[in-house]
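**Q** Following the hints, complete the assembly by docking chain B onto the known chain A.
Residues per chain are reported as follows:
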Amino acid sequence: MSQTPRDNDFTVKIANVNGTGSASANTLLMKSFFRMGIPVAGKNYFPSNIQGLPTWYEIRASREGYICRSGQVDVMVAMNAQTYRKDLAEVAAGGYLIYDSTWPRDRQLARDDITVLGVPLARMCNERFSRARERVLMKNIAYVGVLAALLDIDMNVVRNLLQESYGAKPQLLDSNQAAFDLGYRYAIENFSCPLPFRAQLMDATSGHIMIDGNTTAALGALFAGATVVGWYPITPSTSVIDAFRRYAERLRRDPQTGRSNVAIIQAEDELAAIGMVLGASWNGARSFTSTSGPGISLMNEFLGYAYFTEIPAVVINVQRCGPSTGMPTRTQQADIMACAYASHGDTRHVLLFPANPEEAFYLSAVAFDLAERLQTPVIVLTDLDIGMNDWMCRELKWDAGYQPDRGKVMSAAQLEAIEKFHRYLDVDHDGIPWRSLPGVHPKGAYFTRGSGHNMYGAYTEDAKEYQHVVDRLRLKWETAKTLVPEPVVEQSERHRTGIISVGSCDGAVREARDRLAAAGVGTNYLRVKAFPFGKAVQDFLDAHDRVYVVEQNRDAQLRALLLLETRVGQDKLVSVLHYDGLPVTAASIVDGINQDMARGKAA
Amino acid sequence: MSYIAKPKVAHPGLPRNELGLSLRDYEGGMSTLCAGCGHDSITAALVQAAFELSIPPHRMAKLSGIGCSSKTPAYFASASHGFNSVHGRMASVATGANAANRELTYIGVSGDGDTLSIGLGQFCHAIRRNLDMLYVIENNGVYGLTKGQFSASADVGSKAKKGEVNQQPPIDPCMLALSIGCTFVARSFSGDKEHLVPLLKAGIRHRGFAMIDVISPCVTFNDHEGSTKSYDFTRRHRQAAIYADYVPPAQEIRSGQAAGSVQSVTLHDGSRVLLRKVGADYDATDRMAAFGYLSQRQAAGEIVTGLLFIDEGKPDMHEVQATPDQPLNEVPYARLNPGQKALDAIQSRFR
Chain A
431 MSQTPRDNDF
441 TVKIANVNGT
451 GSASANTLLM
461 KSFFRMGIPV
471 AGKNYFPSNI
481 QGLPTWYEIR
491 ASREGYICRS
501 GQVDVMVAMN
511 AQTYRKDLAE
521 VAAGGYLIYD
531 STWPRDRQLA
541 RDDITVLGVP
551 LARMCNERFS
561 RARERVLMKN
571 IAYVGVLAAL
581 LDIDMNVVRN
591 LLQESYGAKP
601 QLLDSNQAAF
611 DLGYRYAIEN
621 FSCPLPFRAQ
631 LMDATSGHIM
641 IDGNTTAALG
651 ALFAGATVVG
661 WYPITPSTSV
671 IDAFRRYAER
681 LRRDPQTGRS
691 NVAIIQAEDE
701 LAAIGMVLGA
711 SWNGARSFTS
721 TSGPGISLMN
731 EFLGYAYFTE
741 IPAVVINVQR
751 CGPSTGMPTR
761 TQQADIMACA
771 YASHGDTRHV
781 LLFPANPEEA
791 FYLSAVAFDL
801 AERLQTPVIV
811 LTDLDIGMND
821 WMCRELKWDA
831 GYQPDRGKVM
841 SAAQLEAIEK
851 FHRYLDVDHD
861 GIPWRSLPGV
871 HPKGAYFTRG
881 SGHNMYGAYT
891 EDAKEYQHVV
901 DRLRLKWETA
911 KTLVPEPVVE
921 QSERHRTGII
931 SVGSCDGAVR
941 EARDRLAAAG
951 VGTNYLRVKA
961 FPFGKAVQDF
971 LDAHDRVYVV
981 EQNRDAQLRA
991 LLLLETRVGQ
1001 DKLVSVLHYD
1011 GLPVTAASIV
1021 DGINQDMARG
1031 KAA
Chain B
9 MSYIAKPKVA
19 HPGLPRNELG
29 LSLRDYEGGM
39 STLCAGCGHD
49 SITAALVQAA
59 FELSIPPHRM
69 AKLSGIGCSS
79 KTPAYFASAS
89 HGFNSVHGRM
99 ASVATGANAA
109 NRELTYIGVS
119 GDGDTLSIGL
129 GQFCHAIRRN
139 LDMLYVIENN
149 GVYGLTKGQF
159 SASADVGSKA
169 KKGEVNQQPP
179 IDPCMLALSI
189 GCTFVARSFS
199 GDKEHLVPLL
209 KAGIRHRGFA
219 MIDVISPCVT
229 FNDHEGSTKS
239 YDFTRRHRQA
249 AIYADYVPPA
259 QEIRSGQAAG
269 SVQSVTLHDG
279 SRVLLRKVGA
289 DYDATDRMAA
299 FGYLSQRQAA
309 GEIVTGLLFI
319 DEGKPDMHEV
329 QATPDQPLNE
339 VPYARLNPGQ
349 KALDAIQSRF
359 R
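Chains A and B, in that order, give the protein sequences.
Throughout, the numbering used here is defined as the position within the first sequence, counted from one, plus 430.
Throughout, the numbering used here is defined as the position within the second sequence, counted from one, plus 8.
Chain B extracted, bound-state conformation:
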């Protein structure tokens, strides 16, 4: 919370990025989430990802909806503009913001409640527009701020803290995103920062809608025996199928990164994502295969993590809209004003 002072002291020996900034420059206010909350680990991963990508903090915009997840933009990058919108409607705000200025990096943070219930429509339509943004779902299967109701991502048979068992089938954000044309679909786990950071970096650099579903256990309401979104359950059932490495533009691929069966996908800015696959011939550019694989492993009770699908070739919202390269919010009025002559010409049709 902003009124809890967080010391802004950086050790002189802290590593610096290309902009000369340290990790501290990407941090935000003190988290007010519960101790051990998965969301805070995701926040830390976001800090690291933005730091490593050397994004100027003021060229980044953080957006969220309502809920525990949606508080987290306050906890990173305090030098970035933040927009904590209304419940489930971050995607539309991001759409308008991106329409106005296509040059900023848009990072949306939402939760399973915010995205999969009230925000389901906006989530789907932002995907359909291939809005250029990173959309992180901090997924814990539960409504935390209102004290423990099931969310739409709760699995059938998962038990609430007070003993109630969920009967309704869950909405899986990855399966959903795949089915409606999402161009970057990933799943990760808040308990595995090493896995998450490269995914975040790749998602930020992906041009189009990058959705990362991050299982992020709620230590207060959904981390008990019988829950399928607990740390313990996730660790036991997780199958890290595809590891992603992010390689910045013009950097050589290290030998270790190339080991095993590796698939390389080049992003628009020249950077690459290297996919190290634990499974055999997984092709992360084949939507149908990804869908099939995910369904199979899910039926077998596994939580598959990794960069499940990527398509760099689809036009994003601006390409579809054929907007100019210059951000619309920077076009001077003189070029927006058609002038009296044009107005006269229009009016000649109305006589």
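If we strip away everything but chain A, and leave its shape as in the complex, we get:
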């Protein structure tokens, strides 16, 4: 068979009802592509609900390696009668829709520009399986079988995956294999297989893993040596702690005592979760919490306290759709401003922006080094897309030579040797004072207070003494600019148009740049990885006539931060925004940029 244009370049979407156990079937399908060496992305659009509401899983296969949301559906598996109308409408012209033909579908709903394929999934499963739950679950595996035939998925790959998942439970393996075969055989016998969308073996996934960013953020904290976790459940950050607990309890276990070097404390609320982190960090343990928007709102007072009293803290904020409760299971990048200046008074916080699970791993580890080096909170801003979806990433490596940077902590010997310890004295002129830990040495004692204090740590209401401290904190901020990760820059002298973006926009921006370049529009690209912005960001802004700022919120928060914190002028920065709660697509970025360029030409 010769290669068709859509080989390894299509999107499959499965519409289902939550609570019906489709996750393992969807993972099986997604991993089949991955094991065939095809770059793939799996995105889960799920409701804030336990059972009965619509849920979708979308798999994009892309031989070019584009793994952001494609924004179109080529093959829809419509398992949910409730959303059938919408799911049918979403299929791109020339695409396919597969539905469960056990029950008649609404004849009113028809499209002549797509192909609709009926498979009696429920009937086949009801005949083959006897238990009610099994009948429901196996329908999902059966549609994977249908898709395997239609998309020409390698059967050995599927067999191996089933063996790995259920090998230890022969009965389950048999049921799954049988359900898969039901679907596969039905498709082969009744349809013209394969479709023009085919999965063909490639070799583009070796050295990679398929993983979610909440797992990797947890691993970053684990490998960085975090020992105390204060946390409160909140979607979509809960699985950060689930993963941390799963790995920490096992990998930190002392074989002799059976006890693990970790304390994971479920707090009564986010106010307490961050309080625990501060208490533990003040006491010299590496400590973190993970949360999402509403939790950040609640943590504000303590974040300001930690800034002013100079206590390290690591917060992983898996952003979701705001404002207020918003859409807890949808993604956004709308906490940038709320985190940058969290809390009352003159406060500012170090932010890190991973773009994918791989970076979430490394940056969550870096967050601890920065927090302790700078003695201040560091907030890692991921989002639901990074945190809870399946991303193809390069394998994670942990530097064997890594030693935690504990920052300026006085040892017992150092304290013994000095005459008197002063907590907030800037002895090194970098704005970062030395700290002491409780219990180490009698000379180390000081009083941590959120009230006005002077450079010696004593209470003050004196104008000059107070101002001296807050000015020194500003100097520390300047030091932070030299310590935070550099942005990713892709720049050519030929282009005068720049794109600045952040976090999970990265994949879509890269694809958009390729499309723009194909249309003759060359762009340079900078992705910020941290706040405060360093010199590289300023240089990039200076070097371009027009800079598109691509981000996933309504109010152009990254753009606002650039305007506030660099010398760039208003007119130079043009926003390209996406904020409907679904991950951004390349198409929406291309459209945004083209529209602005068209306006420019018209003017």
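Simulated from the structure, these hints should not be mistaken for laboratory data.
Derived DEER-like restraints, expressed as beta-carbon distance ranges:
id: 1; chain 1: B; residue 1: P323; chain 2: A; residue 2: P872; range: 25 to 33 Å
id: 2; chain 1: B; residue 1: K349; chain 2: A; residue 2: A608; range: 33 to 41 Å
id: 3; chain 1: B; residue 1: K349; chain 2: A; residue 2: Y886; range: 44 to 52 Å
id: 4; chain 1: B; residue 1: D277; chain 2: A; residue 2: Y886; range: 32 to 40 Å
id: 5; chain 1: B; residue 1: A297; chain 2: A; residue 2: E594; range: 53 to 61 Å
id: 6; chain 1: A; residue 1: Q686; chain 2: B; residue 2: P257; range: 27 to 35 Å
id: 7; chain 1: B; residue 1: E310; chain 2: A; residue 2: K894; range: 51 to 59 Å
id: 8; chain 1: B; residue 1: P323; chain 2: A; residue 2: D969; range: 56 to 64 Å
id: 9; chain 1: B; residue 1: P20; chain 2: A; residue 2: A842; range: 27 to 35 Å
id: 10; chain 1: B; residue 1: E26; chain 2: A; residue 2: D858; range: 34 to 42 Å
id: 11; chain 1: A; residue 1: L994; chain 2: B; residue 2: T154; range: 29 to 37 Å
Heads up, incomplete: computed chain B residues facing chain A, CB under 7 Å, no partners named:
id: 12; residue: S100
id: 13; residue: V101
id: 14; residue: A105
id: 15; residue: N109
id: 16; residue: V339
id: 17; residue: Y341
Keep in mind that this is a model prediction, so the values were computed, not measured.
From the three backbone atoms N, C-alpha and C, an ideal C-beta is built for every residue, glycine too.
**A** For chain B alone, kept in the frame of chain A given last:
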């Protein structure tokens, strides 16, 4: 206040504790509270308790929230680390601190406003975790720093300085603590140091959450006729039901201490608390009985003081969490790092 110098001169004849330290070594900065404030008496009692227990000051950590009460950690043990946190949230800071280093002695000082309003949740949950700390509530029924509003511990009918009468029922920290499983519940009076010091010592040595509600009159805003938290009212209505004596490990019980009806409770470190009961057959290890007794006496208008309840047998937060004996902040990184091999093994599940 720290900029008011306090002479650090110790008389050579001052008594020394086992560490060779004098009472002066447990003192702190000069108090800036009002003259006669009950809180200062509690501070003095804390100084004495820590001195008598011979706790190395740097192995002690003082924590507080916001309010007059929460200033007091600055007024004792200046050789200890202090943490004056945000309003009502000392308990969570203490939880994290204790999680990081289980070996230090944690002394929390809070007030009725700090604990029973904004801090009520954190107070309750620290109790539920049986966090190993001493938690002192300096209870005066009033917001002092903001000039005299009722707090949640104000009694119905208690009159404010400007004449307003409180209508809302109070939250009694002892009853509350008893009802949610607190393992050490005591009440005392700032005007009776002899009563308070042994309670503080027992509370410090208790493994788990030791709550001591100390009636501590506010001389400026709540010490007038009509107030139920005044010195006068407290003295007239107080019923010192249970006196506690603290007996250090390996020390003989003196004959005087054993007089009358005495209940002895052994603490984890081998020290004992002797409960001399004024009432007849009070059993301070019976939670339901303590609850009943307290309700009855309260209904009769009495302020019962003493070690009302103690349970040494409940696991503290670390036992429940199954954390190692070595403080987590001392575990070397080499033992925390799972290494590349473990990372590879994890990743094999993600292909």
